[in-house]
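Given only the sequences and the hints, what does the whole structure look like? Please build it.
Spelled out from the first residue to the last, the chains are:
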Amino acid sequence: MTTALPESSQTEIVREQRLTRIPGLAALRATAGFQRGMLLVGALLVLMFVVIAIFAPWIAPYGFNQNSANGVDFPTLAPPSAQHWFGTTVSGTDVFSRVIWGARTALEVIVLAVALSIVVGVPLGLISGYRGGWLDRALVLITDALFAFPTLLLAIVISIAIASGQSSAAGGIVSTAIAITVVYVPQYFRVVRNATVAAREEPYVEAARALGAPPRVVMVRYVFANVVQTVPVIATLNAGDAILTLAGLGFLGFGIEPSSAAEWGYDLNKSLSDAAAGIWWTGLFPGLAIVLIVLGVTLVGESLNDVLNPVLRTTKLPRVVLPRRRPESAASS
Amino acid sequence: MPTKPEPTTVDERVAGEPLISVRDLRVAYALRTNAAARLLGGSSGMVHAIDGVDFDLARGEVLGVVGESGSGKSTLGRALLGLVRPSSGSIRYRGQELTHLSESRLRPLRRKLQMVFQDPHASLNPSMTIGRAISDVLRIHGLNPDDRPQAVDAALERVGLAPASRFTPKYPTELSGGQKQRAVIARAIALGPELLVADEPISMLDMSVRAKILGLLDELRRDLGLTFVYITHDLASARFFANRIAIMYLGKIVETGPTAEIFDHPRHPYTQALLRAIPDPDPSRGIARDLPRGEVPDAVRPPAGCPFHPRCPSVLPYCGWEARDLGMVFEQRWTSVTPEEFARESRLVGNVDQLSAVERSDRAAEVRPASGSAQDLLELLEVARAANPDEPFWQSVREMRANGGAVAITFVPRVVPRLLPVADAPVEVSCHLHHPIGES
Amino acid sequence: MSELRRRRSRDDQDASVTAIEIEAVQTGPGDTGDILRVRDLRIWYAGTKGPVQAVDGVSLTFRPGEVLGLVGESGCGKSTLGRGLMGLLPRGAAIDGELVFAGTDLLRLPPKQREKLRGAGMGLIFQEPMTRLDPLMRISDHFTEELKVHEPGLSRKEARERALEALRALGIPPTRYRNYPHEFSGGMRQRIMIALALALRPKFIVADEPTTALDVLVEAQILRILADIRVRFSAAILLITHNLGIVAEACDRVAVMYAGKIVEQGPVREIFAEPRHPYTQALLRSTISLTTQALHSIPGAPPDLVDPPPACRFHPRCPHAMHVCATRQPPQFGESGHVADCWLLSDHLTVADRQPLRRAEVAVADEA
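Protein chains in written order, with the numbering used here: chain A, 2 to 334; chain B, 25 to 464; chain C, 46 to 413.
These aren't lab readings, by the way, just hints derived from the structure by calculation. Glycine residues also receive a C-beta, built at the ideal position from the N, C-alpha and C atoms. Do not rely on the hints blindly, as some may be mistaken.
Unchecked claim - Only some residues are given here: those of chain B computed to face chain A with a beta carbon under 10 Å: (1) Val71; (2) Arg131; (3) Gln138; (4) Gln142; (5) Ser147; (6) Leu148; (7) Val161; (8) Leu215; (9) Met424; (10) Val446.
Printed below as a string of structure tokens:
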């Protein structure tokens, strides 16, 4: 109908449309079935680990390096029991506590690494994609070269370079985070740069130039604003990969010093010799923790991608049922 | 209902300096190498989007720039606003030379020189509300933050998006095509420009909406004293809206003059063809016959002489024929020969897009056969000529000889036409039909 | 005919009707050699806010060698109609009505049989030729693939002959037979699309805005080709466009579509000389042509097809709207040549019916 709407319904419409502006919220509501299930499971897993990581001091019964309590030493390589739910390791530390503290380590490192990667990679990609020219070509060359390295190898190299000589806890976490950042910056750079190059050609960017907007304004308000939705997806998918890299570093003995923090990869390494002797609890639980968190993060990332990409989104549309014809609506011919 | 704007003759134009003055403007850009493979040997991969254009634009005038794709009309609009760097030539705005201004010196001038784009769905930032989009322009040019909301509302209401408060919080995806285009216009007029370059502003809208937007532009012209460069391929709307018309083909203006004169007495064969070809809502007019053949050629190597010559229904022997045109001649011949003949002849001639033809001068060329002897090729050419003597190409061929491994062809020397005034009207045409050789 | 009606009254569409049964359901007397007859066609498809009534009771007839122009603005449903005739429906769409092609009711055919008809019986020409041609296949491959699917009996040589014949009919030189799509200009690609459609010698062709993306001179060339085709191949053509100029020059009959319904149809000359429906009149008046002296437009905007206005869908924007227009759907008036769905043409209205409609002023904000 083309008659003017009453005021109240206008504000209703405006409010509803504002809500849908939060990226993905409207799309989330429209997801169905499998996609939605994936998203919920992933989100639940991630949430669980975040909660565990934050409240580690209250959840874990013992410290991560603690091998005695009240003057009594813990048994070494004891199977799961009432006192030690996940058993103990060869040095007498509680596996359960180590898994909990390990979650905190993982969270700290990954959050730091992802944040650093975004702060470095995204602006670089934006500037490089918008400006083009020799800067762009040079940066693309460098990041492609970094890509060519196996991630774990690169992380090891960087880790050695940074952490050589440092052994404090903060140094361990920060230097590991930096190592992971260097490895993953190219991903953010790549994605943002490509999206920028595409957005640069859009008519509204040319229009912004025609309006007299200086390059900085064009980049931030016109290009980036339309490119930013690619970042959360990359961040979540990257986080999963980064966790594996962290675990890999720990497994190989690089990265976090064992005395400064608990780390799942390190635990896995130590459990190798145990497995031969039939001791399963030292390896299973840290390994399971890694699998679950990576699974959770990947599920969230993949379903975020599907949800935000209109092409892949499976929308739930009801089947159309044609109403019965009314007698006077039939054509009289 | 808005009626046809008053015609502005040359005398009635505001006396004094023109608002915009363009002299010998050229815009060329290099092509990527993958196109170079398609070129005949020796050419550089440059596209001459604008190839020597002159005109003046007076205050309050509407210049309609009409052409098809590849004519350079869009590039012209962008060059006027500094969005594209000219390779040479001059553009003066109120006497100030624009072509060698740096980007930062040009930006403050953008207050006065604005653009309305073709695609309403793509020229608004999808992540900005309409209100933000317009106030951002004001912010960029330093308008006081307190004055901005008022200016935004004023601009929106001026273009018919009233009440403004209903539209400021909307995103572009929530508007119809016509509303979006109005928003684009609001954004362009928010700073009070003098010149508006409108690049096909209505071609992507529905028929009934076009009238509304065109009417709006006309209203704004009157009320705000705007000068327009109206770029379009739609002659009908140009006739309604523009005082003067410039017809462009492959980067050059081929005809220009007052609207009434151009439409009532089109002189250039291309203009005549355009007018004949427009689908007019008049059933008594059938589909045009006698249209120029072929299509707009590749801009990297435009045809020699007059670029329209291969397609022109009234072409003369000295308009620019060259050996390259043999490709077109053969293609046309081969649509009506038997498959055996085609097979035999194409073996002899080779790939028509890459004829081994060398232009020795403005009147002589050599063509090598792809296989077989030059004598065979010569015979084939004679057969082709005998079969279709009305093909204008043959009118320009003086002599054909087999000379060693190639056929040497001598043409009537070609003359490049220039844009010159005609005697009986304030019109300039670039065509030998109106300026026979012998005139200066 | 009675056989057909009884089948239709069943609630569910029985898609498992076999071919033999279909053959038996031929139309009886009254079949005038029309290539395609559409009666009361409805196509509704699923939208986020509810079912979109894109085509809502459309009746058309197509005769061999005739070009029917379907004209309307964006969002009126004309593209959905064109594709629906070919059986290309959007996901989740429902279709009913009568769609009889050369004696066979297409809506009762199982999908496989329908597919066979597409291409061979019916051809489709799209708007953007580049996006419809496979960039990795040569033109020759396009033809051989098409002919292999629809006419497997042809030898390679015969297939090539057919292809070259179609291309030649469209002025494409045989030198270009082995080129790739990107080596052609827009106009040439459109000719190739038409040639591809013609190579199968279809009886019915749907051309959906075939010239919208092309330049004026090329557009004229393509229109001339379409005009020649219908004479040479005696195909029926449905030309979908928003440009009344094209309709005037290239079509024999025209149907004007608004909000999912055909509001007027008839011979082109009559419709242009004497348009009867107010929408047709407004459309003609608002078209900008070389002789336009003043600009006219239609106030308001086309309606939302999810919740269209009741009764006559044009009544909110019609300058002559009466009381009855908002309450009852107008039937068709006029002789079989030129008909329009408008109450203004009725002789049997009461005084109350004829009361002019008091519409709220169309807010400027609701303008398109």
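Run through the hints listed earlier and report the numbers of any the structure violates, in increasing order. Structure breaks hints 1, 9, 10.
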